[in-house]
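Participant: Sequence:
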Amino acid sequence: MAWTWITLVVVVVVFTCLQWLWLKKRTQRNLPPGPKGLPIIGHLHLLGKNPHQDLQKLSEKHGPIMSMRLGFVPNIIVSSPDAAKLFLKTHDLNFASRPPLEAAKHISYENRNLSFSTYGPYWRNMRKLCTLELLSNLKINSFRALREKELKELVHILEHAAEEHIAVDISTRITSMNKDISCQMVFGKKFEDKELDERGFKEVLHEGMQMAVAFNLGDYYPYIGALDLQGLTRKMKAIAKVWDQFLEKIVDEHDQPKEYSQTKDFVDTMLGIMASGDSDFEFDRGHVKAILMDMFAASADTPSTTIEWTLSEILRHPRVMNKVQKELEKVVGLDKMVEESDLESLEYLNMVVKEAMRLHPVAPLLLPHMCVEDCTVDGFFIPKNSRVLINVWAIGRDPKAWIDAENFLPERFISSNIDLRGRDFELLPFGSGRRGCPGMQLGLTMVRLVVAQLLHCFNWDLPNGIQLSELDMTEEFGILVGRAKPLIAIPTCRLKK
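Numbering-wise, the sequence shown is residues 12 to 508 according to my numbering.
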């Protein structure tokens, strides 16, 4: 115990000296402006349970390129479209890497997944492989029947609820459906919740993502992480063990001899690369499992969260719901369900999805970028190893970029060329540049199809006489920011039998 305290005292003294050197260096070089920090903790005390909102308020005072020190780690906060363009396009290569984080180290097989791996040959080759084998337009279209089948099953469940006039936990239903679709796309078949862990996929994913953004001393004070003073490392290793056992079972199943006629799935492709030894980079069983977990988590959780927010805003705005349903009646008709081929003709629905993603980007700070080499951006010195946070939540609400920025107004996109695919920096739900989300097309397809189907097949009311305008929209911060409370509503059938 005494040694622990001695270690802490030594660490405090060392970091105090390093802080003094950092402040001295800051006065000598033109770092971006920022708030005054405190000894040792820097600016950590300025961040609460919703850091993206706190950072927006600070940027209003200190500017769209702001420097902060979290613990002893320099951070650059980017909060405007013009500033985002400089970091994600003009200087994209220098900010294409990821910082080392404790959660990624313990949960993501030592940063071997796509999301958190260092920018370099391994990451480029893995992104290319995942894009071709799971995320290309050809591959996405090949799963069309699967998506429609799972969505029809959800509609049948909701039809029964409508007949009984009972409330439905939409959040849980959508998450379960997306989990089943993702399992089949990534692993080749469905899995029951208990096959992962007694808590189920949703809870384990949620716990892992909460740990990833929990205050972890090791992320802000290098070398303290090994002490595990908070017990977070132990918890992260426990989550990692749950995933590893599940993924080991999947890999073992795919290692068994197959009938020649059986379809080759994503796991088979990954194992084939490992077995061949032909890759130009290290690729072992750990890499396979890291990529599988990454693909599953992204495809299962991100669309679900976006669908929840989109439906929430539509329920709060009956005018918008009515307008979407009229468009669906015109394009699809009330005698059949929505098909994916209808989506491109649903112009107003696509505006609604854009507007929901503007106000509720599921990753409000994206994933952190890291400065590879010292550089100058917009006249400011950005030191090597700085972490860069792109506050897309603030950008989506920037009054200089958007009129009436806080209100949900899908009509703002009428005759607008602003897109959400990373070319227009006012709207960046999928990020931009080299580290932009490779699953964007799959995510958009899922969100548009599910929202369209649920609004086409049903009218919706809140339970217990709650007014739509009173729907709780409180956020819960994580890598993905979802609803703090599940979305619950009562469906009424619309389609002709």
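FYI, nobody ran anything at the bench for these hints, they're computed from the structure. Remember, predicted model here, so these are calculated numbers, not experimental data. Just to be clear, a hint being listed does not mean it is correct.
[As the list claims (entries may be wrong)] Think about it this way: if two alpha-carbon atoms lie no more than 27 Å apart in a straight line, the pair counts; the simulated DSS-like pairs of lysine-lysine are:
id, residue 1, residue 2
1, K246, K60
2, K395, K334
3, K334, K205
4, K163, K200
5, K139, K205
6, K100, K163
7, K139, K246
8, K365, K395
Participant: Does the structure break any of the earlier hints, and which numbers would those be?
Facilitator: 2, 3, 5, 6, 7, 8
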